[in-house]
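Working from the sequences, and respecting the hints, build out all of it.
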Amino acid sequence: MTSGDVKQLVWGAILLALAACVPLVANGYWMSIALTIAMFTVLSTSWALFSGPTHYISLATAAFFGVGGFLVGTGMSDYNTDYWTMVVIASLAGTVLAFLVGLATLRLSGVYFVIFTLGLAEMIRTLVSWIQNNFTGSRGLYVLTDLGEADIYIHLVLVAALVYLAGWWIARSRLGFAMRIIGNDEMVARHVGINTAFSKVILFTFSGFVASLVGALIAPRYTYIEPNGVFSPELSFIVVIMALLGGTGRLWGPIVGVIPFALLQEYINANYSNYSTLVLGIAFLVIVYFLPHGVLGRLEETWAKRRRSTW
Amino acid sequence: MDIIITGLLLGGTYALIAFGLNLQYGVARIMNLANGEMIVLGALAAFWIFVADAISPILTMLIVAPLSFFGNWLIYRFLLRPLVRRAKNQGQLEVDSILATFGMAFALVGIMVSIHGEYYTYSYLAEPFEILGETFALNRIVAFCFAVLIGAALWLWLYFTRTGMAVRAVSVSTEASGLVGINVPQLSAIAFGLGGAVTTMGGTLISTFITLDASVGVVFTMKALIIIIMGGVGDIRGAIVAALILGLVETAVARLIDPGLTLAAAYAIFVLILLFRPQGLFGRKPS
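Heads up: the protein sequence lines correspond to chains A and B, in order. For what it's worth, our numbering labels the leading residue of the first sequence as 1, then goes sequentially. For what it's worth, our numbering labels the leading residue of the second sequence as 312, then goes sequentially.
If you are wondering where the hints come from, they were derived from the structure by calculation, not from laboratory data. Every value quoted in this text rests on a predicted model; they were computed, and no experiment measured them. Glycine included, every Cβ here is placed at the ideal spot set by N, Cα and C. Possibly wrong hints are sitting among the right ones.
[Said to hold, decoys possible] Computed list of chain A residues with no C-beta within reach of chain B, every gap over 10 Å:
| no. | residue |
| --- | --- |
| 1 | I33 |
| 2 | R107 |
| 3 | F116 |
| 4 | L120 |
| 5 | A197 |
[To be verified] Coverage of chain A stretches by chain B, computed from C-beta distances (three or more under 8 Å per stretch; other residues unrestricted):
| no. | segment |
| --- | --- |
| 6 | 8 to 14 |
| 7 | 247 to 254 |
| 8 | 270 to 279 |
[Unchecked claim] Between beta-carbon pairs, the in silico distance windows are:
| no. | chain 1 | residue 1 | chain 2 | residue 2 | range |
| --- | --- | --- | --- | --- | --- |
| 9 | A | Y224 | B | P393 | 44 to 54 Å |
| 10 | A | T85 | B | G402 | 41 to 51 Å |
| 11 | A | S273 | B | V483 | 43 to 53 Å |
| 12 | B | Y430 | A | S276 | 17 to 27 Å |
| 13 | A | A270 | B | A579 | 36 to 46 Å |
| 14 | A | N271 | B | F587 | 14 to 24 Å |
| 15 | B | S367 | A | R190 | 55 to 65 Å |
| 16 | A | A270 | B | D569 | 34 to 44 Å |
| 17 | B | G402 | A | V286 | 20 to 30 Å |
| 18 | B | F587 | A | P260 | 37 to 47 Å |
| 19 | B | G428 | A | L263 | 21 to 31 Å |
Written out as structure tokens, the structure reads:
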């Protein structure tokens with residue numbers, strides 16, 4: 001570990017500790033926005049851990065998130081299980097699912113992978129609704145806990161710490177090195193003896209685990225869990241937009257996109273809720289045509305240019 | 312029997328839609344994820360014109376087709392062509408075009424929601440018609456016939472005209488067809504426009520017997536992709552068979568188990584194909 005590495009850790013810890021202090025100053029409205037931001041920060045950062053280096057656009061976030069939220073709901077309403085037990089079970093189930101999906105799909109690339117992951121959430125959603133309609137009878141599930149938004153927020157900050165630590169470690173490990181080579185040229189990676197499938201499955205599973213954990217932790221916020229809500233494909237797209245908007249080149253890139261986009265969405269939903277889909281579309285187009293490497297990538301380019309011109 | 316015929320009728324329209332996407336992906340090499348929204352646009356146009364002026368959806372296709380051709384041509388020329396030029400490799404182009412066409416899809420959904428946010432309900436030729444002693448809705452049969460007609464016309468164009476031959480050449484190899492003097496960018500734009508026009512006409516046909524709304528486009532994109540992957544990219548014969556299979560399976564699942572599970576069934580087929588025959592039903596294994 002070099003001194004630079006340690007410095008990054010210290011800075012990260014300080015910033016996270018500051019983030020954990022938000023509930024002390026924020027009132028109800030801002031607390032709720034901070035919670036949304038925390039949720040998307042965790043989701044898009046863990047998304048970028050896998051999709052950033054590999055350029056595989058995964059739309060499976062909603063599937064894992066939904067599994068997490070839904071299992072917590074079922075466990076608590078239908079089986080009277082304790083909340084924390086269900087959180088553990090839900091995140092384990094999400095991890096197993098992600099591992100299986102990873103094994104099945106990572107030989108695919110490009111469009112096949114995108115559609116596969118997009119369809120996954122849709123399929124689980126229709127299956128779950130079908131099972132509920134025909135066998136269990138109840139469509140809505142209640143998650144009643146005495147956790148407030150501030151408690152959930154603290155949980156999410158802790159998960160964020162875990163994700164950032166994992167990302168920091170991966171970037172310095174053989175695994176991260178392997179991922180960068182895979183991202184540059186998968187053929188080369190295979191020829192120098194990297195087990196590409198293994199590396200990809202590990203990271204995909206990790207991001208699936210995080211998404212299902214977030215789904216489980218955020219469930220008490222909604223109180224009432226419904227399959228059409230937790231498996232909403234829109235969530236996957238928002239996560240992709242936020243991560244790409246910020247830039248996936250660096251570990252802290254996604255949060256640069258999360259904060260402004262979450263605020264924008266909050267504003268649009270409050271004032272022009274009919275246009276939220278249109279905004280998503282425009283965001284995608286802006287990213288592709290104007291910010292192909294995210295806001296961070298654009299800034300880094302400008303800095304690099306300025307440095308060269310002052311030489 | 313009832314299930315088989317209904318399934319085949321549905322499959323016919325699916326085949327037409329997949330034909331459109333195949334033209335776009337096979338020739339212009341852009342996977343158009345806004346494909347489903349083109350279908351919904353066709354349906355919206357049919358609904359709109361039918362409700363306002365009681366003009367038959369079949370005639371609407373005559374208006375919709377050239378508009379959609381031109382619109383898709385513009386999309387290719389001004390939005391997608393720059394991506395093709397900027398891409399350093401096939402992988403980057405793929406990622407860019409996925410994101411760009413998703414963006415277009417969302418933008419189109421947003422626009423369509425603001426035009427008409429409800430279901431596109433209208434009733435056209437909802438009359439009984441008898442085949443082999445069982446009754447079917449006339450609109451499904453008419454839609455099937457027109458899908459076959461359009462598909463046949465397209466096939467004739469592809470196989471018996473000079474431009475059609477050039478289009479097929481580009482789909483075999485972009486570089487080689489450039490070398491023999493084919494204007495690849497121009498032809499790609501034409502194929503993309505034509506594919507879009509065919510898809511939109513498919514949407515108009517579908518809307519005569521299925522009620523759509525602004526947000527279902529992505530479901531149809533998935534179905535068209537499933538058909539193309541099942542049939543093998545660029546393989547028209549395979550796509551037709553795949554579309555008929557999808558139509559049959561969906562109808563069977565809807566009738567025998569639960570209408571809510573059709574999408575799950577389509578997806579299950581997709582997974583099986585990807586795992587066991589990723590090269591498509593009739594494709595050969597890449598060596």
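Hint-by-hint comparison with the structure:
| no. | hint | verdict |
| --- | --- | --- |
| 1 | I33 | holds, 23 Å |
| 2 | R107 | violated, 8 Å |
| 3 | F116 | violated, 7 Å |
| 4 | L120 | violated, 8 Å |
| 5 | A197 | holds, 14 Å |
| 6 | 8 to 14 | violated (count 0) |
| 7 | 247 to 254 | violated (count 0) |
| 8 | 270 to 279 | holds (count 6) |
| 9 | Y224(A) to P393(B): 44 to 54 Å | holds, 46 Å |
| 10 | T85(A) to G402(B): 41 to 51 Å | holds, 43 Å |
| 11 | S273(A) to V483(B): 43 to 53 Å | holds, 48 Å |
| 12 | Y430(B) to S276(A): 17 to 27 Å | holds, 20 Å |
| 13 | A270(A) to A579(B): 36 to 46 Å | holds, 40 Å |
| 14 | N271(A) to F587(B): 14 to 24 Å | violated, 50 Å |
| 15 | S367(B) to R190(A): 55 to 65 Å | holds, 57 Å |
| 16 | A270(A) to D569(B): 34 to 44 Å | holds, 38 Å |
| 17 | G402(B) to V286(A): 20 to 30 Å | holds, 22 Å |
| 18 | F587(B) to P260(A): 37 to 47 Å | holds, 45 Å |
| 19 | G428(B) to L263(A): 21 to 31 Å | holds, 26 Å |
In summary, the numbered hints that this structure violates are 2, 3, 4, 6, 7, 14.
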